[in-house]
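Colleague: With the hints in hand, could you dock these two chains into one complex?
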Amino acid sequence: MLEIRDLTVEVEGKEIIRDLTLNIERGEVHVLFGPNGCGKTTLLMALLGLPNYKVKKGSVTFKGVNVTYLTTDERVKLGMGMSFQHPPGIRGVKLGDMVNIAQGRKEETIDEDVIALAKRLNISIEFLNRDVNLGFSGGEVKRSEILQLLAQAPDFIMFDEPDSGVDIENIELIGGIMSELLDRNKMPSKREKAGLIITHSGFIMRHVKADRAHVMLEGRIACSGMPDEITKNVMENGFERCVELCLRGEDTEWREKR
Amino acid sequence: MARKEIIEHAGRAKTKRAALGEDIAIEGYIAGEEHEPLNSLDNFPEEYQQDLLDAGIEPSEKDRSGSFLQQDCSVVYSKVKYPGLELMSTTDAFKKHSWLNDYLWNAVPVDMDKYTAEVELEQTHGYFIRSEAGKKVTMPVQSCLFITSDKIGQKVHNIVIAEEYSELHIITGCSVSHAVNSALHLGVSEFYVKKGAKITFTMIHNWSQGMEVRPRSAVVIEDDGTFISNYILMTPVKSLQMYPTAYCVGRNARATFQTVIYAHGDTKVDSGSRAVLQGEGSRSEIISRVIATDNAKVIARSDVIGEGAKAKGHIECRGLMLSDTAEVDSIPELKATRRDLDLSHEAAVGKVAEEEIQYLMARGLSEEEATSVIIRGFLNVDITGLPDALARETKKMFDMSLEKVM
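Protein chains in written order, with my numbering: chain A, 152 to 409; chain B, 14 to 419.
None of these hints come from the bench; they were simulated from the model. In this text the structure is predicted, and so the values were computed from the model without any measurement. It is possible that some hints are incorrect.
As the list claims (entries may be wrong) - Keeping only pairs whose Cα atoms sit at most 20 angstroms apart, straight-line, the calculated SDA-like set for lysine to any residue is: (1) Lys408(B) <-> Glu176(A); (2) Lys245(A) <-> Leu98(B); (3) Lys214(A) <-> Glu176(A); (4) Lys257(A) <-> Glu381(B); (5) Lys364(B) <-> Pro202(A); (6) Lys364(B) <-> Asn203(A); (7) Lys257(A) <-> Glu380(B); (8) Lys245(A) <-> Lys94(B); (9) Lys257(A) <-> Asn393(B); (10) Lys409(B) <-> Gly243(A); (11) Lys228(A) <-> Glu380(B); (12) Lys245(A) <-> Gly289(A); (13) Lys408(B) <-> Arg242(A); (14) Lys417(B) <-> Gly289(A); (15) Lys257(A) <-> Ile388(B); (16) Lys108(B) <-> Tyr90(B); (17) Lys245(A) <-> Glu381(B).
Just chain B, with the same shape it has in the complex (with noise of 0.2 angstroms):
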């Protein structure tokens, strides 16, 4: 699609509803300052560390292949350590491959809801990651969106792409500052798997009670390519949707979603992740746990959609509630479309159990200590497909923002 067409469709779609969840009003939101830029992740103020790190993002940069920062609308740092890897503001990268724009919009469409049509036409930046044709960059990229300004609407447009038989492992956090009372996070994504190759996207939500979030993110892979997503939410946020979709295109194309929300405060939720099985051979797989406590509503979906030979996807969604004022819908979907398909979910919704908690306490644990290890043990999903000290690290991101919660 041209680009003056883009802007027609998205202009069309300026008032459109999301199929999924509350409608919110954007206009209100402002691009804020420009910031200025880091010479380094240890510059950025004092007071935003602690919120980098509970993002998930190493300002030492140490083990990473890459860092990208950016600031409410303006991106305050874009360093590349590693050769094969591309890293830089997706502004920069449109101003540098005139070829992109046969990624924009082939993911995600433009026209989706007044969301997308928002991010193509008052979009503010966003990430571009490449790996090139066979690099395999092992070390981690650290991205990170941060507000840091009160009626921020950070509008930004993401394009990740691992050409043929390249290896790209991305932390991704979304973070916000404290002294934010109200924000807006509207963030496109678009990934691209190539034949053989692999993303693995681990993503933090670092929110806070007055953010409002719309993701938009897809993703095509391509024979034999492979994307793992794993998502950690811990931290309350006002209003949350979304529904990632893998589009496992090429033959043997893999996706690997797996979600681990801790809602609670008044949080409001409605998070799922899809998986179009159209290559032969294709697969996916679906993980979800799901704490829900206080107030906190949650609808956790899942999708497969099995259209190719031999397509293979499982499900596996886990509620607990820990409190009778909060509320989890859980909604697995399968459709199949032909014979040769093995599609599957378990989905169930529990409370702690009291015989689990009693034979806890018969090993000597108190009542409580026996709960939060049962909550532990519960959100512990082992993460799969991260290389060792990327599975290690991630691991101790997810314990750490579990400390603060429990």
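Extracted from the complex, chain A is given alone in its bound form (with noise of 0.2 angstroms):
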């Protein structure tokens, strides 16, 4: 569904993101670990597009469509989403305003679609009705984002730091609509749908199933593996230590240059 191929990002005249190479099959869910800084975020905004992020090498094919020079809104179209995790707040748009923008509707009001949608994230019509992000707690912002991707319903969908921030109630909400969002409680074979999960602190890997772990370090892939694996590694010993063990023994080029 995704390949990214030897990708190079600069983000203001500075590379963040070095010859990245990932592919990620329809039905796979991939997560990638990281510490602060190593390019995670820069990662998922490149893939989306944004402005400022700009692609100096390689190439983004979604759904075979070489996406590399499109637009945001030309990605989405093609069935990308985003949850945010610092989204900005806009005034006098509503959460409500958003789930019917998401869902491709020129509607203005809030009907009961909307409501019924948001009742599963326990989501109230008052709360529909704030202005969105504005004044949000960090589990409310979560909440809101995922909201948003269920009327989006995209087919390939990136989370950044879903758990940062949720207590560990919300994590276990959020984590059973994630998981529903992308094909996880289907039979392997029937999954369509395909994720990038970014994560610093794990802990919504006890909820949502992924195929692929990857650990990013100063813009690349480091090392990569089984999920639990690669979790239990990172919890243990740290992201740097984690790469170690995932290397030893091979003699790779980026553990010469390190």
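Modeller: Okay, structure coming up:
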């Protein structure tokens, strides 16, 4: 579904992602670990095609279409979606309006469909009527993002730290809906959706089963493996040590550089 | 003040320049021909019907408690449908009620500037609206001051009185026909909100590039009285300056001003709202949203003067710049004259934020659609204090006028 090849991305003249290659197949969910500042969010933003993230080299192919230079809305129309970690507040634009927009509807009112969707995330009508993200708590931001994705129903979804700042109760709720959005509840052969989850803490992995895990260091994928193994290693030993364990005995170019 | 004295004061102020706004020459404008009265608003010429609608006027008079229409300098229609409501031209009102002299120039000083003086000396009607004590007129009264001829100088004096414990909702539109290249509108409006009474005043200005406009409005609010003003300007105007003032003289008197201005073309607007909090526990809220694009220049003022014990006033003014050749001056002012006051303001002027556009694009909107959603949101002031039906309707009128400019 998504093929990233030798991708190099610059932000404000600074190279953040270097020669990154990653394939995510239909029905797969990948998780990306990495310390703060390693380029995880930059990768997602570049995949979404935000203008400040300049692709200097390489390509991104989505559903067979080269999307490397498409605008964000064009990629979204092809089926990409994103749950933002720090979405901006927009005065006068209600969460309910965002849900309508995500559903691609022109309606200005918040109707029964929207209310029913919101209910699944314990989101009240009052909350739907609040200006999006303005004064939202950490957990409220996550639920609002997931609600918009439920409405949008993308084929490939990126989640930027869906577990940060969320209490235990809500993590379970969010994880449940993420699993549903990503077809995790279906038989592997029936899974149509794909996803890429960024997590610093790894908490969300208790609630969403992934197929592959990667550790990102300094703008590239330093090691990859089974999610359980990588999660365990990262949790117990930290990012760098995990990478070292992954690479033990292997003589890679990357290791030499270190 | 006796009428003779008033005229003397006006005479002395004939050439007095206004404190704010560029000085405009008012001599060249005329009163024009008298227009024939109408039997119903539907009979108003077809070519003007859309202008009425754009100014928030419902020609069918459905869900209206009364209607008033002044075309140029002639009152062509005035009808009341609701008992307890009075509606007529100010000229007729003065013939009917001798006591009305007590209200004349009692909120706005006649010698404020040459425009108020001109309205006294060369008045061409205006409306008088009054709700009787205890009567709650929940359906809105609609009034429209409409200019259809070139070179007209409309010089109206409006007086609105909500007697004790009564309620009055007014939709007023000032409009001008497309055929008019240049005209003048001077409008003095004096509002009196008596004890426990409430007035909501929703005004749509539907001007054009050739209009020079100088409204002069003031409100006197007594104990537990409420005044809410919603002002919408979405069309270009050559020059508009106004600074309506609410005097909260009574205990717990409340005033709210909400202003929405979308200034484009070569529009020049100097618009403010002022609240003078004299009564104990009186409160005011001033909210303004200004968008400036093209070469528009907007001065957005707001002023709260706290004089009464435990008075509370808040100002929130926001500006959005859509061009590098437009200009917004946001000038919020607070004046405190004692300790037990709570006065605050927040002001911000900015552009459409990139990250907000990107966020909306990530939900599938094009850049253009995203910008339009943000602008709508920016102007989306929750209109408070109106009855539900009226609030919905105001929202609709607002959306319609926004649709035209976007």
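Colleague: Is Lys409(B) within 20 angstroms of Gly243(A), Cα to Cα?
Modeller: Between Lys409(B) and Gly243(A) the Cα gap is close to 16 angstroms, so the pair holds against 20 angstroms.
Colleague: Could you grab the alpha-carbon distance between Lys214(A) and Glu176(A) and see if it respects the 20 angstroms cut-off?
Modeller: Between Lys214(A) and Glu176(A) the Cα gap is close to 10 angstroms, so the pair holds against 20 angstroms.
Colleague: CA of Lys257(A) to CA of Ile388(B), is that 20 angstroms or under?
Modeller: 16 angstroms, holds
Colleague: Taken at face value, is the distance from the CA of Glu381(B) to the CA of Lys257(A) at most 20 angstroms?
Modeller: 15 angstroms, holds
Colleague: Straight-line Cα separation of Lys364(B) and Asn203(A) no greater than 20 angstroms?
Modeller: 18 angstroms, holds
Colleague: Is the Cα-Cα distance between Lys408(B) and Glu176(A) 20 angstroms or less?
Modeller: Violated - the C-alpha atoms of Glu176(A) and Lys408(B) are around 48 angstroms apart, more than 20 angstroms.
Colleague: Take the C-alpha atoms of Lys228(A) and Glu380(B), compute the straight-line distance between them, and say whether it is at most 20 angstroms.
Modeller: 13 angstroms, holds
Colleague: Need the status of pair Lys245(A), Lys94(B): alpha-carbon distance at most 20 angstroms?
Modeller: Distance ~39 angstroms between Lys245(A) and Lys94(B) Cα, so the pair is violated.
Colleague: Is Lys257(A) within 20 angstroms of Glu380(B), Cα to Cα?
Modeller: Holds, at about 16 angstroms.
Colleague: Given the hint that Lys245(A) pairs with Gly289(A), test it: the Cα-Cα distance must not exceed 20 angstroms.
Modeller: With Cα atoms ~17 angstroms apart, Lys245(A) and Gly289(A) stay inside 20 angstroms; holds.
Colleague: Does the structure keep Lys408(B) and Arg242(A) at a Cα separation of 20 angstroms or less?
Modeller: 17 angstroms, holds
Colleague: CA of Lys417(B) to CA of Gly289(A), is that 20 angstroms or under?
Modeller: 39 angstroms, violated
Of the hints listed earlier, those the structure fails to meet are numbers 1, 2, 8 and 14, in rising order.
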